[in-house]
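Asker: Chains X and B, in that order, give the protein sequences.
Using this note's numbering, you'd call the opening residue of the first sequence number 1 and step up by one each time.
Using this note's numbering, you'd call the opening residue of the second sequence number 1 and step up by one each time.
Source of the hints: derived by calculation from the structure; they are not laboratory data.
None of these values were measured; they are calculated from a predicted model.
Hints should not be assumed to be uniformly reliable.
[Claimed, not checked] FRET-style restraints, in silico, Cβ to Cβ: (1) B:Asp64 to X:Ile74: 18 to 24 Å; (2) X:Leu183 to B:Arg285: 47 to 53 Å; (3) X:Val310 to B:Ser399: 35 to 41 Å; (4) B:Leu282 to X:Glu307: 55 to 61 Å; (5) X:Leu183 to B:Leu282: 49 to 55 Å; (6) X:Lys215 to B:Ser399: 29 to 35 Å; (7) X:Glu139 to B:His284: 33 to 39 Å; (8) B:Thr311 to X:Ser138: 53 to 59 Å; (9) B:Ala109 to X:Glu139: 54 to 60 Å; (10) X:Thr97 to B:Ala565: 18 to 24 Å; (11) B:Met52 to X:Ser38: 56 to 62 Å.
[To be verified] Stretch-level coverage of chain X by chain B, calculated; a stretch enters the list once three of its residues show a Cβ under 8 Å from a Cβ in chain B: (12) 77 to 87; (13) 215 to 226.
Glycine included, C-beta positions come from ideal geometry on N, C-alpha and C.
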Amino acid sequence: MADINLSRITKCFGDYRAVNQVSLDIADGEFVALLGPSGCGKTTLLRLLAGFEEPDHGQISLGGQIMASPENGIMVSPEDRNLGIVFQSYALWPHMTVARNVGYPLEVRGLNRAEQDRKIAEALDIVALGPYADRSPSELSGGQRQRVALARCLVMEPRAVLLDEPLANLDVHLRETMQQAFLDFHRRTGATMIYVTHDQSEAMAMADRIAVMDKGHIRQMAAPETLYREPADLMVAGFVGAGAVLPVQDVSVGSNGACSVQLGDARIAARICPKLNESQTNVNVGLCLRPEDVWVTDDAPLRGQVEDCVYLGGRFRLSVRIGEGHSLPVYANRRARIGEQVGLKVSDGWVFDRMAGEAA
Amino acid sequence: MQATGRLRGVLPGMIAKPQGNRSSDRLLYWLVVPVFIISILPILRLGFEGVMVGGVPSFDYFRDVLGSSSTWRATGNSLYTAGLGTIISILIGGSFAFLVALTDIRAKAALVFCFMIPMMIPPQITALSWVQLTGPSSALLNAIGMAPPMGSPQPLYSAEGIAMLLGIQHASIVFLTLRANLRMLPREQIEAARLAGARGGRLWWQIILPLTSPGLIAGTAMAFVTALGNFGIPAMLGIPAGYQTLPTLIYQKLAGFGPSVLGEVSVLAMLIGAIAICGVALHHRLLSKRDYRLMGMVGRPLDVKLGARRTLVETTLWAVLVGILVIPLLALFTTALVPAFGVKLTFANATFEAFREVMFVQPSTIRAFQNSFVLSVGAAIVLVLLCLPLAYVMVRRPSGVTKLINLLVEVPYALPGVVLAIACILLFIRIPLLDVSLYGTLGIIFIAYLARFLVIALRPVMNSFTQLDPALEEAAQACGAGLSRRLRDILLPLAAPSAAAGALLVFLTAFNELTVSALLWSAGNETLGVLIFNLDDSGDTVLASAVAVLVVLVVIALMSCFQLAARRLPKGVVPWQT
């Protein structure tokens with residue numbers, strides 16, 4: 001196991017910069033998710049890390065050893081990096097049994113037969129596939145195949161496990177089970193894991209930290225709760241979690257990061273992003289509201305019109321329109337009529353520069 | 001994967017980008033060297049003859065040859081017969097491949113087994129047997145009293161007759177390439193289409209055909225190029241009718257001799273090479289737009305239920321086989337049984353004397369069997385070993401060099417065998433630097449075979465590498481497997497069916513090959529093709545037919561061995577095994 005450092009990595013395909021000046025430090029044993037819409041460069045970043053692609057600029061190091069540095073002419077090939085990878089398509093070899101698939105890294109490393117068998121059995125036990133050792137991969141279900149792929153990573157005791165949208169081909173129930181399997185795996189092995197996904201709930205559920213990527217850049221790298229509560233820019237606020245970003249004026253900054261803003265007829269107490277300095281407080285300021293922080297009450301000064309109402313089991317999610325064209329998701333305990341006027345009480349919000357990150 | 005998959009569609013440069021600058025990868029490029037020596041150098045040497053007149057560079061040969069109307073008439077004839085023949089090959093080979101691979105017809109193994117046989121009969125024997133079958137002196141028709149009257153025209157002595165036999169001869173090529181492709185087709189994709197409401201013709205036309213188009217295009221290109229270079233059939237059918245194609249024109253030029261022969265032949269060879277390259281370039285252009293890597297597991301093969309029509313389909317397939325295989329073979333066999341060519345066969349005069357003669361009296365038969373066997377098995381093994389890494393480089397690490405190689409390997413196959421033979425003689429009569437001559441040894445035939453059949457072994461392997469999910473290899477790479485290890489453990493087993501299909505094609509084609517060895521053989525080094533040709537040429541048609549029958553029997557016996565061993569071999573190694 002080892003920590004991973006990426007410094008100013010750039011990778012171009014023709015004129016297109018798939019990854020642009022990305023720097024990233026991942027600690028030993030950390031579970032990091034690379035999250036972003038498709039085409040944001042997250043898979044390319046993973047492939048750069050694995051060594052399937054060579055960066056055009058920058059440096060990648062693993063546990064202090066330089067893996068790729070075009071400036072110094074260094075490029076360690078994927079087979080010498082000792083990184084495990086799990087593909088979306090599983091990439092199990094159809095001509096080998098489950099056991100041989102799992103044991104292949106050991107076979108390559110030339111371990112003796114008995115040692116191989118022991119480790120294969122161990123790895124298959126961890127993913128609960130012991131009885132399937134002699135099956136052919138084509139006889140397994142999707143989830144089982146993915147667990148075989150995971151076991152194959154496990155036996156080689158890699159420095160890190162890279163996962164490329166591993167759950168994208170599975171159904172919802174299986175996804176939850178597999179998420180749990182990945183988490184258990186992470187706890188048992190303490191492996192550094194880098195997980196590429198476009199599904200924010202998947203990333204939030206598993207990762208210690210999430211790097212949100214867009215157009216080849218990392219927009220924000222933080223713990224899931226920080227990402228959710230304190231998004232750095234509009235893209236992150238919109239991509240991670242439900243909620244809305246509303247334009248606000250008249251920001252008055254208090255102490256300890258507190259502030260208050262004017263939204264419609266209401267004065268709202270919120271937290272302010274430290275990067276937002278005094279001079280900016282009245283242009284392009286956004287207020288990010290999460291549904292948990294907004295309550296429906298009849299006597300609040302902030303009024304809105306119910307546009308939509310969906311039952312989620314236990315509670316309702318309303319979409320409430322306030323002002324010109326801005327809608328807000330809100331949880332409520334009772335069903336609301338479409339078109340009904342409701343009052344909203346806001347208990348918390350996050351104020352930040354709406355144009356942050358847009359220049360890049 | 002989704003993101004990269006999408007990008008691959010948008011950015012064509014992405015796959016083309018070589019991965020890394022690893023030394024093991026650079027070693028792969030050394031493969032280009034033997035390919036260059038065996039398949040390109042001889043052609044260049046011959047090309048040199050075409051642009052040098054009396055030791056001075058000149059375009060005189062070009063002017064003479066390209067200015068002659070017979071050149072263009074022969075070119076037109078070649079395109080017509082090869083084109084029409086290819087269409088016939090696609091119709092026969094394509095429908096066999098689809099029906100065998102995708103439907104629930106019975107006795108598939110037997111059908112496929114029989115369908116492979118026409119390809120093994122040398123073209124001139126095919127032509128001979130069909131001429132004997134349909135002409136006034138047909139031993140078979142005479143025996144059953146149905147021969148046309150003496151002096152009536154032979155219907156096969158025509159452009160369409162040539163095209164028909166070319167089509168039958170090369171149908172197996174389309175069949176094998178397409179079937180290798182169909183084996184990789186996951187049934188989910190067809191089931192998805194059926195659920196989407198596609199049925200019958202729509203399912204075939206909109207889903208199965210596009211998905212299998214890489215195999216279909218590759219098979220078409222191979223059948224066309226093979227037909228273009230075919231000498232035996234247009235020689236047997238065209239020359240009596242005064243109908244010239246480019247290969248027969250070259251042959252007649254060579255027969256004429258004279259000081260300018262080599263130069264003119266060289267220019268004609270360039271012309272036929274250019275046509276072949278155009279065909280192949282078109283094939284690659286068509287294929288480059290289709291990155292149909294079939295994702296996921298290849299599950300159980302598809303079995304479209306034919307229902308009530310099954311018996312009809314089965315009957316039709318077997319009837320076609322009887323028409324293209326059984327009847328010509330019967331004609332060949334009856335010819336081998338008559339006491340002398342042209343004599344009417346009866347139960348009283350049927351004799352196995354010809355078989356006794358070739359097997360026990362003439363030592364050359366056994367020798368020719370040995371030579372052909374060693375040459376064709378050797379060529380098949382060497383070529384497959386060369387083609388696996390070569391196809392890998394060409395598919396996964398494409399560059400300007402590999403693209404050029406891709407076109408150039410096609411040339412020795414497209415050129416008529418006689419031309420390749422002359423090129424080899426010119427180059428190897430005295431090898432530069434080593435100062436040894438390969439002429440008069442089996443070695444020169446072997447090298448010519450390697451050059452000629454490289455493309456046959458290469459295409460199916462390339463085809464299967466193109467369809468392989470790259471993640472399968474990347475997963476092995478992440479496991480620590482270096483390039484040679486990945487080739488051996490992952491790529492080779494997955495490409496084995498197509499490699500075996502390629503090897504088998506090489507073996508079968510080389511076993512009966514005539515046109516290359518016709519100029520390269522020497523006493524003691526004759527091949528089966530040469531033996532049959534020499535016997536037939538000297539008027540011993542009956543003996544020639546006997547040897548041909550023996551050849552067919554030996555090949556069928558060998559195929560049966562493969563068939564029996566199939567259960568012990570990895571799945572899919574024997575190409576006709578379902």
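Asker: Of all the hints given earlier, name the ones this structure violates by number, lowest first.
Answerer: Violated hints: 1, 3, 8, 9, 13; rest satisfied.
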